[in-house]
Each structure stands twice: as C-alpha cells, then as structure tokens.
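Please arrange chains F and Y on chain H, whose structure you already have, making use of the hints.
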Amino acid sequence: MGKRTIVPFGPQHPALPEPVHLDLELEDETVVRAVPSIGYVHRGLEKLTESYDYESMTYVMERVCGICSFGHGWGYTGAVEGLMGVNIPDRAEYLRIVFHELSRVHSHLLWLGLLADGLGFDSLFMHCWRIREKVLDVFEAVTGGRVILSYCKVGGVKKDLTPEMVQRIVSMCDDIEEDMRRTGYVFMKDSSVRNRLCGTGVLSKEDAVELCCVGPVARGSGVDNDVRSASKWYREVGFEPVLYDEGDCWSRCMVRVDEVVQSLNLVRTALRNLPDGDIAVPVKGPAPVGDFAFRVEQPRGEAFYYVQGNGTKNLGRARVRTPTNINIPAMVRTLQGCNLQDVSMLVITIDPCISCTER
Amino acid sequence: MSYAKRSPWLLHYDASSCNGCDIEVLACLTPVYDVERFGIINTGDPKQADILLITGAVNDQNKEVVKQLYEQMPEPKVVVAVGICACSGGIFRDCYNILGGVDTVIPVDVYVPGCAARPESIIDGVVKGLGVLEEKQRKMEAER
Amino acid sequence: MTEEQIFEDLSPADVYRTAEALRADGYRMVQICGVTREGSTEVLYSFDRDHRLVNYRVDVPFGTSVRSITPVYWAAFVYENEVHDLFGVEFEDSKLDYKGNFFRMSAKTPWKGPEKEVS
Chain H
1 MGKRTIVPFG PQHPALPEPV HLDLELEDET VVRAVPSIGY VHRGLEKLTE SYDYESMTYV
61 MERVCGICSF GHGWGYTGAV EGLMGVNIPD RAEYLRIVFH ELSRVHSHLL WLGLLADGLG
121 FDSLFMHCWR IREKVLDVFE AVTGGRVILS YCKVGGVKKD LTPEMVQRIV SMCDDIEEDM
181 RRTGYVFMKD SSVRNRLCGT GVLSKEDAVE LCCVGPVARG SGVDNDVRSA SKWYREVGFE
241 PVLYDEGDCW SRCMVRVDEV VQSLNLVRTA LRNLPDGDIA VPVKGPAPVG DFAFRVEQPR
301 GEAFYYVQGN GTKNLGRARV RTPTNINIPA MVRTLQGCNL QDVSMLVITI DPCISCTER
Chain F
1 MSYAKRSPWL LHYDASSCNG CDIEVLACLT PVYDVERFGI INTGDPKQAD ILLITGAVND
61 QNKEVVKQLY EQMPEPKVVV AVGICACSGG IFRDCYNILG GVDTVIPVDV YVPGCAARPE
121 SIIDGVVKGL GVLEEKQRKM EAER
Chain Y
1 MTEEQIFEDL SPADVYRTAE ALRADGYRMV QICGVTREGS TEVLYSFDRD HRLVNYRVDV
61 PFGTSVRSIT PVYWAAFVYE NEVHDLFGVE FEDSKLDYKG NFFRMSAKTP WKGPEKEVS
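Residue numbers (the working numbering), protein chains in the order written: chain H, 1 to 359; chain F, 1 to 144; chain Y, 1 to 119.
Derived by calculation from the structure, the hints in this document are not laboratory data. Possibly wrong hints are sitting among the right ones.
Once the Cα atoms are required to be at most 30 Å apart in a straight line, the calculated DSS-like pairs of lysine-lysine come out as [what the hints assert, rightly or not]:
#1 Lys-67(F) x Lys-99(Y)
#2 Lys-47(H) x Lys-112(Y)
#3 Lys-205(H) x Lys-95(Y)
If you want the footprint, here are the derived chain H segments under chain Y, 3+ residues with CB under 8 Å [said to hold, decoys possible]:
#4 42-55
#5 206-220
#6 268-278
#7 303-311
#8 316-329
Here are some chain F residues the structure puts well away from chain Y; computed CB gaps all over 10 Å [as the list claims (entries may be wrong)]:
#9 Gly-39
#10 Gly-44
#11 Asn-59
#12 Tyr-96
#13 Pro-107
#14 Ile-123
Ideal placement from N, C-alpha and C gives every residue a C-beta, glycine not left out.
Bound-form chain H, shown alone:
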C-alpha cells in the first residue's frame, strides 16, 4: 500500500475556469476518495424574492448562470405562469424552443471547446469557439445581449422574429451544420481525442440510475431521462433523445456533438412551423397562494424550478435545482479509483457548472 496524500484541486485551476474545489485523496497515482466542497460562488440569490417582485425576479433568475441563462429564464417564467394559470401563445412556445435550442448549440460548442482545451488540442478549441460566435451574433441581433438575453418574460417572450431574421437563423443553422460535419468528425475519429477519452471514467448504466444522473452524463450511459421527451411542443418539432451506451468520457462527449446537430434540426423545424399570432399575453396582479413545479432540459441536464406564491407580488419561494447539483455525486463516484491525470478529463466531461450549483 502506497503513501496517502491529499491533493487540492481548484478553486483556481488551469483545467477548468470554474471555481470548483476538490480534495483528492491519493494512494500513489490513484484517487481513493474525492471530497467536493462548495461555497465559493454561493450568493443566495433565491432569497432576492424578498426584494424583487415575480416579474423582475426573472432578471435575477437569468443570472443563475451565464451559460444557460435563457433556460433559467424559461424555467422560472414557466413556473410562474403555471402558478398564475396563464397559457402563453403558441408562437411564444415555439420561439422559446428556438432560443433554448440555440442556447444548447452555443453551450455545447463552448463545452466542446473547453474539452479540447483540456486535451491540449488548441486548434480544436479555437474552432469550437469560432463556430459558437455565430450563435451569439444572432442572439445579439435579436435581443441586444450576447450572454444574458432577457428574452423571456412572464406571459411570453419579448421580441418577435422578422421573416428576414428567421431566414438568417435558418442559414446560420445550415452554416453551423456544415462546420460541425468537420469539427464533430475530429471528436469522433481523431486518435489523440479517442485515446484520451475512450474507456476513461466509465459510469455504468446502473450507477447512473442509482446516482440519479441527468443530462448528457446520464445519456452517455444510456439512461434516458430527457424531460424534452415529455413535452408536447418538443414532440411537435420531432425531438428524439440522443443516447450512447459506453458511459465513458468519449460517449459523454459524443452525446453533446450529436445534440448540436439535433438542436439545429429542431430550430429549423420550429422556425418552419412557426405559428402566427401574439408573442405574449399580459399578466397582472399578485401571485396566488399555491405551488408549482416546472422542468426544463438545460444543456447540462434537467433543471427543476419550484415557486410558491403567497398572495402578494413577491413569491414566498423560488427554487432552482440545476443539473450540476445532481451530477456532483456521479463526479465523486467516478473519480474514485481513477488516475490522477484523468481527473481533469473526468471533471470536464461531467461538466460541473458551479455557478448554477451554488446560486
């Protein structure tokens, strides 16, 4: 038996821009135990419901995370609409799908870039981020923001798409698909990528179920709990979950590669079938007493939103459970027994979004 050492990982670490902190207990080169500790980013923003009414709270919720910001806006407004008993127009539902899927494209490309960076494959990193900028350009043209969009509001969305913009988004999707044909191929076939990722950090299907994993982590292990499957609107635009069975770092990576292409298709279908009509309904008055839970499939997995009304304009409770929260146990479990040099790959492929986790 070798000597036990404890190696701290983070919060400032070259492999990951996120302030995650892990204490890795090592026996020689093997990790025997990983203990995460969080709190570097905890803000307590859910408590701001005390000073913001349910409408302006949307802006706070969008800032839970700057990567999947749109989804957080959607999840929160969806929960409030449910609580208030509001049905938003079909066109707004479709526009939300369009922007949510575009967010997924940019988030996955961002992640693929970070993975390539972690692999030391700098040119691939740069390509992923170059492609991603195309999505951000569209965001900026429609909403004025690149990161925080403030596109959702309680009752619908804020801005309609002109026919020219619809055309522009469709051609951007074609463009990115063409890019992905080449870039995705590198992730799929390149030997340096495959050597590093294949067979590393295997999370078995049983473990994924037991640890209640969500998102690409679960789908990379063949577990389908994508909440989009249950959505009427997603079924209308032809959604099918992407599943891989190997459960290793590579399959978690390929889930994201495939989802980029799938999301592009969903966006194009949604835009082709975009219903006419209003984009929002007015919502007024205090939130009634009651509870409402709402779920959205974020790029990193299922996110859970819960609001509680107390008869005033300020909510009694607004809760968001983000995908990383539930994937942390999987990260801890897969880290046990892995090699020290694989730690960064494992952490990246499980993709903890610490800002989301701690709120």
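The following block gives chains F and Y in isolation, referenced to the frame of chain H:
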C-alpha cells in the same frame, strides 16, 4: 518608446460570477476577438501574471483566495474588475453571502462595466490596464 | 415542461419509508429543498418516474430532525447538507455528513424562519 515594453500575461479568477463574464473573458482569447494578437496570454499561474482579471463579486469564502492570488503576483501588477458584479456587487449586492465588489478586498485599477461585460469592453479594460502597468513600472524604476 | 402537479403532505417520520418505497418502484430522486416558515421549515422532496413528478411536503418544526434518505438515495447528500446549512434542519444517520461545512458562509442558516409567536 511607442511599442509595448512587454507582452502582459493574464490571470483570470472567477470570484462568484454567474459565468457570463467568465465566458466573455474566454471569448476574448478565441478567434473573433483574439487578444493574443496584442501579445496577451492567459496563464493559470499567478507568479507569472501581470494582470489579474476578476469576474464576480467577493464573498467570505473566496475572499482569501482572491487576496492570496493578488499577493502571489509579482510587482508591478494591475487588477481589472470585469463586469458589474466585480465592480460593485451588481444585482447580487443585497444577497446575504456577498461582501461587495472586488475593491472591498484588494485595490482595483480598472473597472469594466456591463452585465455581462462585452468582449470589446474587456479588451478596452485590459488595454487601459496596460497603461497603468507601465506607469507603475516607471514609478518602481524611479524609486530604485 | 408544464405537467401534472402532484403535491402531497407527509409527516417527518414517514420520509424514510416513503423514499424506500419510491426507490423500489423505480423512482429517481429529483431534488430536496427547504422553504422558510414560522417556527418550522418545510422540506420539499421531489421524485420522478417516466416524466411524472411527485412532490412531498414535509413540515419539520425547529429543534426536531428527519431521518436522512442517503442510505436509500446516496445522491441526496448534496441536498441534505444544503438544507442543513441554509435552514438548520438536522438529518439523522447521513451517509455523508459535512457537519455544516458544505456551504461555507458568513451568515449562519440565513434561510431559517422566525420562531413562532406564542399567542
């Protein structure tokens, strides 16, 4: 002399940012904005860094980390607070676990506003920081 | 995704048994969170099976504790420690207890509600 005396190296730390500004900082380094063309390199090592970019507000947990990173950097050094949270706490200033902007812990030389700060303004902030860096360098040499 | 809303009240003593039954039925734990109340903390447990979400509201008076469900769902340690640190709710027999060091904050249990006024 009109040319820059050195290629500054950046150290980026995410205090309690929502990732929005972090991603924009990274976006500055990648093809469309590409600060590397100014000779700026992103490093993970505080001991080799000239400019500390901090995103997000400071809380009790990361206060020490920020201080430590700042102290590990060699003189002269410049701190750039990126985004409204790093400047003043932003939308989170009323939260119970937020102390305030970065300047509650360490001296800040350049404030970059925005939520999220745009890549153009981040680059502007860094360029402004370069001026401060040179100024500090001159002062150090004069004192020597 | 707008879905059927199922909220049921549960007593703290039944939490563990319910979790075991749900686990045996193939449910996945979705989340646990706290809600600020006067004199107590409401803990909300959510589970999912085949996209059907079930929520249980558990009212935990100050000074009492709940049996941890980490022996059933190990992943629950994230939420139990969170609820413990933010609301001050005690969980018994946790498989992974951070003993109040999960969230390191300046304020102690900032979400805990006021004591109930005795009238």
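*Hints violated by the structure (numbers, ascending)*: Checked against the structure, the hints that fail are numbers 6, 11, 12, while the rest are satisfied.
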